[in-house]
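> Below are the chains, spelled out letter by letter.
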Amino acid sequence: MEMGWRWDFAIEILPKMAVATFNTILAAGVGYAIALVVGLFFLLGQRTPSKIINWINREIVEFIRSTPLLIQLFFVYFVLPQFGITLSAWVCGMITIGLHFGTYLSEVYRGALEGVSKTQWEACRALNFSTIYTYRRIVLPQAFPIAIPGMGNYLVGIFKDTPLLSTIGVAELFHAATAVGGYNYRYLEPYTLVGIIFLTLSIPAAMWVRKLENDVNKAQGKIKK
Amino acid sequence: MTYFEFLNEHGVTLLLGTVTTVKVLVCSMILYLFISMIFGLMRLSKNLLIQGIATVYIEFFRGTSLLVQLFWAYYVLPFFGISLEAFTAGVVALGLNFGAYGAEIVRAGILAVPRGQWEAAHALNFTPSKRIKRIIIPQIFPIILPPAANLTVELLKATALVALVTVVDLTFEAKQINSITWLSAQCFGTALLIYYIMARFALVPFLRWLEVLAARKVGKEKI
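Line order of the protein sequences matches chains D and Z.
Heads up, the first sequence is in numbering that gives the first Met the number 0, so the first residue is 0 and it goes up one at a time.
Heads up, the second sequence is in numbering that gives the first Met the number 0, so the first residue is 0 and it goes up one at a time.
Extracted from the complex, chain D is given alone in its bound form (with noise of 0.2 angstroms):
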């Protein structure tokens, strides 16, 4: 076996690894905007007037973040055919990262709704405008902007954790990698093709939300024009 870097085998899988890069980016994409809904839910449980409400979707978000991914997506893969729930990879795959990211957003919606000042509220009571009409017209447009930048890294960090599919068969970039690498008995260059991947994708995404961050704090005045 030829030890040191094959340009030839690297150009030479690098269509299967693009084709695996799409699948990645669907699975990330689609991840996250179920953990955007998922993370809705868990802050209506927390504002909801119910304290009992409260402590358990409390409990439930405490035990999903402090627990690992990986066991999680096994969990689901392994355990709901028990109960005669059969689900592809896939779904299984994008209900468990929706799942687990849903309360990190939970999270950062709570600190986006909290971060709007208490005296917005006290000036639409006193105008007399209704909870629905508050949320839609006063709070939610100033929340949204505060949120952005914690919305954005998770976006990034779920396409990072997307690597961990591979682990229940989803036919993702490293899956990919690690099926060329074990067919072909070489895994330098599979693998160091997906850290090249990675990298030049989420290297700009990373850019991107700090650029974001920057103008969201320049258009509150936290940061001087």
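No false leads were slipped in.
With a Cα cut of at most 30 angstroms, we get these calculated DSSO-like pairs of lysine-lysine:
id : chain 1 : residue 1 : chain 2 : residue 2
1  : Z       : K22       : Z       : K156
2  : D       : K117      : D       : K50
3  : Z       : K45       : D       : K217
4  : D       : K210      : Z       : K45
5  : Z       : K129      : Z       : K45
6  : Z       : K216      : Z       : K22
Label-pair restraints from in silico Cβ distances:
id : chain 1 : residue 1 : chain 2 : residue 2 : range
7  : Z       : A122      : D       : A17       : 57 to 65 angstroms
8  : D       : I51       : Z       : Y2        : 21 to 29 angstroms
9  : D       : L211      : Z       : G218      : 33 to 41 angstroms
Hints listed in this document are in silico derivations from the structure and should not be mistaken for laboratory results.
Each residue gets a CB set at the ideal place from its N, CA and C atoms; glycine is no exception.
Using the hints, position chain Z against chain D.
Then chain Z, alone, in the frame of chain D:
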């Protein structure tokens, strides 16, 4: 098979796996704290070369996935004649990855120390190394500990990944038992519970205690 019987039969195996998980956690924690200190300081260096090295390191490890780095350390490094044991590869990859995140926390912490402290140390004619060691470093702990605590909980969760490079930790044992008995709910459920207990009732209280300790040390009482 009741859950009690399951625990009776496989509980010891899972506990042994937990011991390995704790070992991985402690080793990679020490490594990542050490690395984040060094690279956090390097990032603030006036020397462009040193600063550049730190920036490249941080961007590289934050930009790629931890799993990729783990597999690279375990399966690719042997191509270059460096064969690491699974445990070492796991600890090194975890330490390097979290060190990159930690370095950013340290950098932010150092920048958060009031300028007056630097100036006062300068005025008292402290050498640069003494200034950092005796004045700045003790003051950054209360600032960096809360975010570092979050990162350490993330590290505990990330240690599960070393199972994929054949380290026999809690996750590995749970997977192993699952493939023998097919009692998925029991073994993964128990593993989840053990991770939860470790995070919530051991690691987090310990880190909170450190935060209180650090705050007290610089005279900022914390409730």
